[in-house]
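Each protein sequence line maps, in turn, to chains Y and H. Everything in the first sequence is counted per the working numbering, starting at 74 for the first residue and increasing by one. Everything in the second sequence is counted per the working numbering, starting at 561 for the first residue and increasing by one.
One should not assume that every hint holds.
[To be verified] Straight-line alpha carbon distances no greater than 35 Å define the calculated DSBU-like cross-link-like pairs of lysine-lysine that follow:
#1 K141/Y with K185/Y
#2 K617/H with K141/Y
#3 K571/H with K125/Y
#4 K571/H with K617/H
#5 K617/H with K185/Y
#6 K617/H with K129/Y
Quick caveat, the hints were computed from the structure, so don't treat them as lab data. All figures in this text were calculated on a predicted structure; none of them were measured in a lab.
Spelled out from the first residue to the last, the chains are:
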Amino acid sequence: GDSVTQMEGPVTLSEEAFLTINCTYTATGYPSLFWYVQYPGEGLQLLLKATKADDKGSNKGFEATYRKETTSFHLEKGSVQVSDSAVYFCALSADAAGNKLTFGGGTRVLVKP
Amino acid sequence: GAGVSQSPRYKVAKRGQDVALRCDPISGHVSLFWYQQALGQGPEFLTYFQNEAQLDKSGLPSDRFFAERPEGSVSTLKIQRTQQEDSAVYLCASTVERDPYNEQFFGPGTRLTVL
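Okay, chain Y solo, but in the shape it has when bound (with noise of 0.2 Å):
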């Protein structure tokens, strides 16, 4: 079946910091990818997308690319901030009608000043 692997955490870093977190996925078919991130004490609230293999999603500074041949997703940010603390979530939709999300085990990551 469908399923994600995300590097598990905590990971701790320095603001200013580069950030990467791996994501490699396995599914049928063409499927959509997604990074969700949930702040503290809040919900899960989508980051970025990418619906197409190359497609690069980005947001608030976030990028990642979908790469159809290694099958990945990684996220990366150049220069973190402290209120980039939270935990982040990998996720894939395997159906093109849109249908349910298969999440990765949550990356949490930790930003000192």
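Here the structure of chain Y is known, so what remains is to put chain H in place on it, guided by the hints.
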């Protein structure tokens, strides 16, 4: 505008009790999803509605779990004879039917603790 709301936010149940969790999706959103998130893990799909039709219930872990959306708006997830392994955060999400990017809007969740 109002987002997805869920109630109660917290629920403590004794083992064997029945519980009912409510979800109010964003107005006009046709599709509604339920997920279960165990502590320290990612959400796992439970069931999916399009309007009042339950199109996928493959993620429901046992026949103790039941979901309904009788008028195509508010949904209720019911768990009968709760067990300790049912302790988790239950998330509801809704989406516009024809959104090609399938952005799901999540509620804050209901944290269920079974003693």
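Here is what the structure says about each hint:
Between K141/Y and K185/Y the CA atoms are separated by roughly 34 Å; this keeps the pair inside 35 Å, and the hint holds. The suggested pairing of K617/H with K141/Y holds, with an alpha-carbon distance near 29 Å, which does not exceed 35 Å. Restraint check: the Cα-Cα separation between K571/H and K125/Y comes to about 40 Å, which exceeds 35 Å; the hinted pair is violated. Distance restraint check for K571/H and K617/H: the Cα-Cα separation of roughly 23 Å lies within the 35 Å cut-off, and the hinted pair is therefore satisfied.
Taking the CA atoms of K617/H and K185/Y, the gap is about 42 Å. The hint is violated against a cut of 35 Å. A hinted pair counts as satisfied when its Cα atoms are at most 35 Å apart, and K617/H with K129/Y qualifies at roughly 32 Å.
Checked against the numbered hints above, the structure breaks hints 3, 5 and satisfies the rest.
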